[in-house]
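J.: This is what each chain is made of:
2 protein chains.
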Amino acid sequence: MRTYADCFPCFIRQTIIALRQLTDDEALQERIIKEVLPVIAAADMRKPPAYTTTFLHRMIREQLGQDPFKKTKHTFNSLALGLYPELRERVRGSAEPLWTAARLAIAGNVIDFGIFSSIDINGSVTRALEPRIAVDDYESFRAAAGEADSILYLLDNSGEIVFDRLLIEELQASGRKVKAVVKGSAVLNDATMEDAMQIGLPELCEVTDNGSDAIGTILEWTSPGFRAEFEKADLIVSKGQGNFETLSGTRKKTFFLFQSKCGVVSKDLGLEPGSMLLKKS
Amino acid sequence: MRTYADCFPCFIRQTIIALRQLTDDEALQERIIKEVLPVIAAADMRKPPAYTTTFLHRMIREQLGQDPFKKTKHTFNSLALGLYPELRERVRGSAEPLWTAARLAIAGNVIDFGIFSSIDINGSVTRALEPRIAVDDYESFRAAAGEADSILYLLDNSGEIVFDRLLIEELQASGRKVKAVVKGSAVLNDATMEDAMQIGLPELCEVTDNGSDAIGTILEWTSPGFRAEFEKADLIVSKGQGNFETLSGTRKKTFFLFQSKCGVVSKDLGLEPGSMLLKKS
Chain A
69 MRTYADCFPC FIRQTIIALR QLTDDEALQE RIIKEVLPVI AAADMRKPPA YTTTFLHRMI
129 REQLGQDPFK KTKHTFNSLA LGLYPELRER VRGSAEPLWT AARLAIAGNV IDFGIFSSID
189 INGSVTRALE PRIAVDDYES FRAAAGEADS ILYLLDNSGE IVFDRLLIEE LQASGRKVKA
249 VVKGSAVLND ATMEDAMQIG LPELCEVTDN GSDAIGTILE WTSPGFRAEF EKADLIVSKG
309 QGNFETLSGT RKKTFFLFQS KCGVVSKDLG LEPGSMLLKK S
Chain B
69 MRTYADCFPC FIRQTIIALR QLTDDEALQE RIIKEVLPVI AAADMRKPPA YTTTFLHRMI
129 REQLGQDPFK KTKHTFNSLA LGLYPELRER VRGSAEPLWT AARLAIAGNV IDFGIFSSID
189 INGSVTRALE PRIAVDDYES FRAAAGEADS ILYLLDNSGE IVFDRLLIEE LQASGRKVKA
249 VVKGSAVLND ATMEDAMQIG LPELCEVTDN GSDAIGTILE WTSPGFRAEF EKADLIVSKG
309 QGNFETLSGT RKKTFFLFQS KCGVVSKDLG LEPGSMLLKK S
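Quick note, the sequences are listed as chains A and B, same order.
Heads up: the first sequence begins at 69 in our numbering, then just goes up one per residue.
Heads up: the second sequence begins at 69 in our numbering, then just goes up one per residue.
By construction, these hints were calculated from the structure, which means they are not laboratory data.
Any given hint could turn out to be false.
Copies of one chain are not kept apart here, so a pair can be met inside one copy or by any two copies together.
With a cut-off of at most 30 angstroms between alpha-carbon atoms, the simulated DSSO-like pairs for lysine-lysine come out as follows [to be verified]:
no.	residue 1	residue 2
1	K102	K335
2	K102	K115
3	K335	K348
4	K139	K335
5	K329	K102
6	K139	K329
7	K139	K348
8	K245	K320
9	K348	K115
10	K102	K247
11	K138	K300
Can you build the whole structure from these sequences, using the hints too?
T.: As structure tokens, then:
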């Protein structure tokens, strides 16, 4: 996916959201916003917006001297962990646990405090469990998951990873080997190894990092080790809009589970903002 | 009113709205957005956002080589003229024509295609004629208008000026001398002399221009002739958010008639976005 004119106001909006995680100092906010503007002016429109947001979040962290999302990530991991026992019961008690877990993984993608300033988790769960979602390649997903020996599961946001845990459990229950992938270092509210550890993911499956601080998965910026894993996996499960932006043209067998949060991505997909997708590559 | 961080995404959003009035050429849009970013980076946060939007609309007109709002302004003047006979009947047939005309003048302020991409004129008229609006200094307004020999009426948007005509007629009917003020040259969708002529305003009252292409009324940029008029007027009627932003600290006896359209102005006022105001200075 490429960058559109409508991404520009959103680049600044995301900058403001990030700054407000950490500081109410309006002079500091002004200084950093103004320093981010040349980064935005350098946007390559042929590339996904994730390139520019990666650059701008790098600059924000540098200027603040710390990761503005650290505390919020921890909070949302805890909140989601509180929901876990009930959600797990819902999965186990359902007619088709893989279906329910896949839908809940999509529901969890609403936890994105880089884009939203308020989050309705319960509403998202209710919507995700309705019979129809905007794009639903579940039957293909079930078949592909049934055939795959190794699945590489690209995680997205903190908090959301608790919902992913449910789906990873179901994939493993049917005999699949799942490797979960976090970001190499802090970026936005994306899960890193620290977040995976907070929710106990390494006790369930192998967790690796992609060696990158990019939004989504910008393959050329990931580590050689991750690229080798990516190449050899039978199936990729890709969570979130950032991974969709950056991997939507991939030749790998990939299923994208996400909510289309912004007007630009939704328009590109021909869908309403807020649509839920389980989409085959 | 000063500039807030949240104005920055909106500066770019307004730029995109302006460009789309005239061109679908995405390469041209990209070039101009990127040229506008340094203008935005130079924003003086102590001043109203109208300063920055003035600079950016100047740059947009220069880069496009023409006024992107010219055609849309003409269209909305025509549309509003189509509503005029019915609105005039509503004023004349009402229990208090001055009240009704003032409320309709506020309703007309919804016509702002610099901020909105779609406009609900009928909905705005209905809301404006409800007994309560967010800020209602009508009794003071009626008293002040009754005492004033000369009223300077600062117009805002094209199309909206047809609604202002109704209020000017009522002020004149009670013996007031009204002088209407348009912008000195094209800026955004603001009314210029050409627009005033399209709706027949010079046949009703004296119409003058403020010698400026600024959003709102930035006094130091207006002509000496206008400033003299401003100083000597008994009463100022100020239409629109831009005039409120730039004149809200004035010592002149002023009534601001407008809808608070953006989150920033609304927050500054402690009101919900979309609130309607007839506010004493």
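J.: Now look at each hint and say whether the structure bears it out.
T.: Tested hints:
| no. | hint | in the structure |
| --- | --- | --- |
| 1 | K102 to K335 | both (29 angstroms within a copy, 22 angstroms between copies) |
| 2 | K102 to K115 | both (23 angstroms within a copy, 16 angstroms between copies) |
| 3 | K335 to K348 | within (18 angstroms within a copy, 44 angstroms between copies) |
| 4 | K139 to K335 | between (33 angstroms within a copy, 27 angstroms between copies) |
| 5 | K329 to K102 | both (26 angstroms within a copy, 25 angstroms between copies) |
| 6 | K139 to K329 | within (23 angstroms within a copy, 34 angstroms between copies) |
| 7 | K139 to K348 | neither (34 angstroms within a copy, 45 angstroms between copies) |
| 8 | K245 to K320 | within (17 angstroms within a copy, 75 angstroms between copies) |
| 9 | K348 to K115 | within (21 angstroms within a copy, 51 angstroms between copies) |
| 10 | K102 to K247 | neither (40 angstroms within a copy, 41 angstroms between copies) |
| 11 | K138 to K300 | neither (32 angstroms within a copy, 58 angstroms between copies) |
Violated hints for the displayed structure, listed by number in ascending order: 7, 10 and 11.
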